[in-house]
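Protein chains: 2
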Amino acid sequence: MQAVSLPRRAVAVRAEGGVNPEIRKAEEKVVDSVVVAELSKPVTAYCRCWRSGTFPLCDGSHMKHNKATGDNVGPLLLKK
Amino acid sequence: MQAVSLPRRAVAVRAEGGVNPEIRKAEEKVVDSVVVAELSKPVTAYCRCWRSGTFPLCDGSHMKHNKATGDNVGPLLLKK
Ligand code: FES
Ligand code: FES
Numbered sequence: 001m002q003a004v005s006l007p008r009r010a011v012a013v014r015a016e017g018g019v020n021p022e023i024r025k026a027e028e029k030v031v032d033s034v035v036v037a038e039l040s041k042p043v044t045a046y047c048r049c050w051r052s053g054t055f056p057l058c059d060g061s062h063m064k065h066n067k068a069t070g071d072n073v074g075p076l077l078l079k080k
Numbered sequence: 001m002q003a004v005s006l007p008r009r010a011v012a013v014r015a016e017g018g019v020n021p022e023i024r025k026a027e028e029k030v031v032d033s034v035v036v037a038e039l040s041k042p043v044t045a046y047c048r049c050w051r052s053g054t055f056p057l058c059d060g061s062h063m064k065h066n067k068a069t070g071d072n073v074g075p076l077l078l079k080k
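Protein chains in written order, with the UniProt record's numbering: chain A, 1 to 80; chain B, 1 to 80.
These aren't lab readings, by the way, just hints derived from the structure by calculation.
Mixed in with the good hints there might be a few duds.
It does not matter which identical chain is used: a pair holds within one copy or between any two.
Here are the computed lysine-lysine pairs in the DSS-like style, where the Cα-Cα straight-line distance is at most 27 Å [claimed, not checked]:
1) K79 with K25
2) K41 with K64
3) K41 with K79
4) K25 with K64
5) K79 with K64
6) K79 with K29
7) K25 with K67
8) K29 with K64
9) K41 with K80
Given these sequences and hints, build the entire structure.
This is the structure in structure tokens:
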């Protein structure tokens, strides 16, 4: 068998398929509830990218996440 | 430079930090809206793991995802 000289590349490898790197990792499963009758604004955005600083609400962090990774995720909009 | 013969291993590598592997990848950003007045059930679960076969609804696929990856994600529950 011939040895192959591979080019050096910076390759980031993470746990295969993990979605949430940081939010409430002490919880076995992060589930949130919204009582929709209590929504105050016409539209409220909830995070689905797991990068929001105001999780479970969306704070727009999905934009940075998508740009950095090539992903295409966005929030769930609750409309009154 | 010395050529190095690497052991063969099955290593799954994905885009760093990507969250959504398959859902509506033709869309630049996957955003969904719920008109909460139209919710019919007392509780409706919306997916945040991007693995549901009924996305944007949760179909329980987060359980398999969490088990396979060590992740801890779960749905957003909308309650009437
Ligand atoms: S910050 Fe996560 S979807 Fe907007
Ligand atoms: S299937 Fe995705 S959160 Fe339940």
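Inset, instruction - First find the shortest C-alpha distance between K79 and K29 inside one copy, then the shortest across copies, and answer within, between, both or neither for a cut-off of 27 Å. - result: both (26 Å within a copy, 19 Å between copies)
Inset, instruction - Check K41 against K79 for me: Cα-Cα at most 27 Å, and say if that holds within a copy, between copies, both or neither. - result: both (8 Å within a copy, 16 Å between copies)
Legend entry - Identical-chain pair category, K25 with K64, by Cα at 27 Å: both (22 Å within a copy, 17 Å between copies)
Inset, instruction - Indicate which option fits the pair K25, K67 if close means a Cα-Cα distance not exceeding 27 Å: within, between, both or neither. - result: For K25 and K67, the Cα distance is within 27 Å both inside one copy (25 Å) and across copies (14 Å).
Legend entry - Same-copy or cross-copy closeness of K79 to K64 [CA-CA at most 27 Å]: For K79 and K64, only the intra-copy Cα distance (24 Å) is at most 27 Å; the inter-copy one is 30 Å.
Inset, instruction - If the cutoff is 27 Å on CA atoms, where do K79 and K25 land: within, between, both or neither? Let me know, please. - result: For K79 and K25, the Cα distance is within 27 Å only across copies (24 Å; inside one copy 29 Å).
Legend entry - Homo-oligomer pair classification [K64, K29; C-alpha up to 27 Å]: both (25 Å within a copy, 12 Å between copies)
Legend entry - Copy assignment of K41 with K64, given that the CA separation must stay at most 27 Å: within (25 Å within a copy, 35 Å between copies)
Inset, instruction - Have a look at K41 and K80 and pick one of within, between, both or neither, based on CA distance no larger than 27 Å. - result: The answer is both: 7 Å in one copy and 16 Å across copies each meet 27 Å.
The earlier numbered hints are all upheld by this structure, with none contradicted.
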